[in-house]
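Enquirer: Spelled out from the first residue to the last, the chains are:
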Amino acid sequence: MEGQNNTMQPMDNDIILNEDKAQVEALFGKKALTHFEEAQQATSDAFFDIQAAQILAGLKKKGKAKIYTIGSFRQLAIAASFIIFIAATYIFIQSKKQDAMAKVTIEEIPTEEINNYLVSNDWLNELDWENTTLKEDLPIDAWNNALIKDSNKNEKN
Amino acid sequence: MQSDQALIIEFQASSNKEAPYTILLKRHQQKVYYQIKRMVSNHMDADDIAQQVWIKVWNKLDGFKMESEFTTWIFRIAYNETINFLQKQQKIGDHNVSDELIDYEQAASSTDHPKSSQIQITLDTAIQQLPEKQRFVFMLRYFEEMNYEKIASITGTTVGGAKANYHQAIKKMEEFVKHA
Numbered sequence: 301m302e303g304q305n306n307t308m309q310p311m312d313n314d315i316i317l318n319e320d321k322a323q324v325e326a327l328f329g330k331k332a333l334t335h336f337e338e339a340q341q342a343t344s345d346a347f348f349d350i351q352a353a354q355i356l357a358g359l360k361k362k363g364k365a366k367i368y369t370i371g372s373f374r375q376l377a378i379a380a381s382f383i384i385f386i387a388a389t390y391i392f393i394q395s396k397k398q399d400a401m402a403k404v405t406i407e408e409i410p411t412e413e414i415n416n417y418l419v420s421n422d423w424l425n426e427l428d429w430e431n432t433t434l435k436e437d438l439p440i441d442a443w444n445n446a447l448i449k450d451s452n453k454n455e456k457n
Numbered sequence: 028m029q030s031d032q033a034l035i036i037e038f039q040a041s042s043n044k045e046a047p048y049t050i051l052l053k054r055h056q057q058k059v060y061y062q063i064k065r066m067v068s069n070h071m072d073a074d075d076i077a078q079q080v081w082i083k084v085w086n087k088l089d090g091f092k093m094e095s096e097f098t099t100w101i102f103r104i105a106y107n108e109t110i111n112f113l114q115k116q117q118k119i120g121d122h123n124v125s126d127e128l129i130d131y132e133q134a135a136s137s138t139d140h141p142k143s144s145q146i147q148i149t150l151d152t153a154i155q156q157l158p159e160k161q162r163f164v165f166m167l168r169y170f171e172e173m174n175y176e177k178i179a180s181i182t183g184t185t186v187g188g189a190k191a192n193y194h195q196a197i198k199k200m201e202e203f204v205k206h207a
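Heads up: the sequence lines are chains V and B, in that order.
Numbered per my numbering, the first sequence spans residues 301 to 457.
Numbered per my numbering, the second sequence spans residues 28 to 207.
Simulated from the structure, these hints should not be mistaken for lab results.
These numbers were taken from a predicted model, which means no experiment stands behind them.
Keep in mind that a hint or two might mislead.
When the alpha-carbon atoms are kept at most 25 Å apart in a straight line, the in silico SDA-like pairs for lysine to any residue are as follows [said to hold, decoys possible]:
id	chain 1	residue 1	chain 2	residue 2
1	B	K53	B	Q39
2	B	K53	B	E96
3	V	K321	B	G188
4	V	K330	B	T149
5	V	K361	B	R54
6	V	K361	B	I104
7	B	K58	B	E94
8	B	K92	V	L359
9	B	K44	V	L359
10	B	K177	B	L113
11	B	K53	B	N86
12	B	K160	V	I316
13	B	K58	V	P310
14	B	K160	V	H335
15	B	K160	B	L113
16	V	K331	B	Q145
17	V	K321	B	E202
18	V	K330	B	Q145
19	V	K449	V	L424
20	V	K360	V	Q375
21	B	K199	B	Q155
22	B	K83	V	A353
23	B	K199	V	D320
24	V	K321	B	K177
25	B	K58	V	E325
26	B	K92	B	L52
27	B	K58	V	A322
28	B	K199	B	Q145
29	B	K115	B	Q79
30	B	K160	B	S180
31	B	K87	B	Q32
32	B	K190	B	Q114
33	B	K199	B	I148
Starting from the given sequences, assemble the full structure and let the hints guide the process.
Expert: Printed below as a string of structure tokens:
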């Protein structure tokens with residue numbers, strides 16, 4: 301019985317399909333419908349080979365373009381991170397240098413270097429250090445200006 | 028001859044996807060093109076849409092779970108692409124039945140067919156005035172001789188819905204012939 305049902309079902313489907321088709325053929329005639337289908341299938345002999353080749357070529361081109369995009373992006377990313385690394389290292393080294401300069405105290409400067417400085421700036425020796433009024437907490441620039449004023453005063457006198 | 032299923036497994040498993048894909052393409056490209064051509068009538072448009080369909084197949088075949096036949100799946104992609112194309116054309120006002128008729132007649136005359144008779148023109152116009160879904164169902168049923176289960180899967184409807192679409196299409200064409 302089961303086997304009979306299995307063979308009956310495709311047959312039933314065929315009957316229904318034929319009935320469905322017959323309804324349309326009654327309206328337009330089988331010839332017109334065949335002609336319609338022939339018109340849809342009217343292509344050149346090589347059309348499907350060309351279409352297949354175009355699709356495959358398009359896919360290959362797309363694949364290559366994708367790889368190129370990823371490659372150039374990676375190159376850019378590597379170049380950018382390299383530049384950032386170099387710039388960061390340079391800034392770090394510069395700031396370290398400035399810190400080191402700022403931390404040098406008078407005790408760390410060799411006596412020879414101080415003597416050389418005084419020889420090349422001998423006007424400093426002529427200053428009347430005892431009469432010069434200086435506030436200890438003056439900034440270095442103001443301190444220099446005060447020294448220069450005093451030096452000018454001495455010259456006038 | 029390798030089955031569609033075996034080719035899909037090969038495609039999904041191997042790094043050389045082109046070989047199984049090319050066999051699937053060459054095996055089914057005519058049916059896909061003809062179905063699209065019946066819907067849009069214009070050869071160039073049908074070719075463009077068919078190419079889009081096959082590119083989608085390439086992109087999505089890795090995710091195909093084989094819950095339906097490959098032909099059902101590919102006709103569903105073709106259905107979506109064709110409906111999208113026709114709706115876009117309608118939006119830009121490019122869809123014109125008379126243009127399609129000229130195209131149809133040119134195709135017929137270029138292939139040594141006898142000059143289109145009045146009944147052929149009526150048939151073509153009757154088909155073109157059908158709503159897109161009914162037209163697609165009619166083509167699958169009459170020309171591809173598909174069963175309603177498969178048509179329902181392709182068009183995303185129920186079996187009853189697919190049957191109703193086909194019979195509504197016949198009814199509309201019948202009325203068109205009466206008033207022609």
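Enquirer: Look at each hint and say if it fits the structure.
Expert: Here is what the structure says about each hint:
1. B:K53 / B:Q39: Since the Cα atoms of K53 (chain B) and Q39 (chain B) sit roughly 18 Å apart, the hinted pair holds (cutoff 25 Å).
2. B:K53 / B:E96: 17 Å, holds
3. V:K321 / B:G188: Answer holds: K321 (chain V) to G188 (chain B) is near 18 Å, not above 25 Å.
4. V:K330 / B:T149: 14 Å, holds
5. V:K361 / B:R54: 23 Å, holds
6. V:K361 / B:I104: Judged against 25 Å, a Cα distance of about 22 Å means the pair holds.
7. B:K58 / B:E94: 21 Å, holds
8. B:K92 / V:L359: 22 Å, holds
9. B:K44 / V:L359: 11 Å, holds
10. B:K177 / B:L113: 22 Å, holds
11. B:K53 / B:N86: 17 Å, holds
12. B:K160 / V:I316: Cα-Cα ~21 Å, so holds.
13. B:K58 / V:P310: Holds, at roughly 22 Å.
14. B:K160 / V:H335: 23 Å, holds
15. B:K160 / B:L113: Holds, at about 11 Å.
16. V:K331 / B:Q145: 13 Å, holds
17. V:K321 / B:E202: Given pair K321 (chain V), E202 (chain B) holds - Cα atoms ~17 Å apart, limit 25 Å.
18. V:K330 / B:Q145: 14 Å, holds
19. V:K449 / V:L424: 12 Å, holds
20. V:K360 / V:Q375: 23 Å, holds
21. B:K199 / B:Q155: 11 Å, holds
22. B:K83 / V:A353: Judged against 25 Å, a Cα distance of about 16 Å means the pair holds.
23. B:K199 / V:D320: 15 Å, holds
24. V:K321 / B:K177: OK: K321 (chain V) and K177 (chain B) at ~17 Å, within 25 Å.
25. B:K58 / V:E325: Answer holds: K58 (chain B) to E325 (chain V) is near 22 Å, not above 25 Å.
26. B:K92 / B:L52: Given that 25 Å is the threshold and the Cα spacing comes to 18 Å, the pair holds.
27. B:K58 / V:A322: 23 Å, holds
28. B:K199 / B:Q145: Roughly 18 Å separates the two Cα atoms, so the pair holds.
29. B:K115 / B:Q79: Distance of about 15 Å is within 25 Å: holds.
30. B:K160 / B:S180: Distance ~13 Å between K160 (chain B) and S180 (chain B) Cα, so the pair holds.
31. B:K87 / B:Q32: 15 Å, holds
32. B:K190 / B:Q114: Status holds; Cα separation ~23 Å.
33. B:K199 / B:I148: At roughly 16 Å apart (the allowed maximum being 25 Å), I148 (chain B) and K199 (chain B) satisfy the hint.
In this structure, none of the earlier numbered hints is contradicted; all agree with it.
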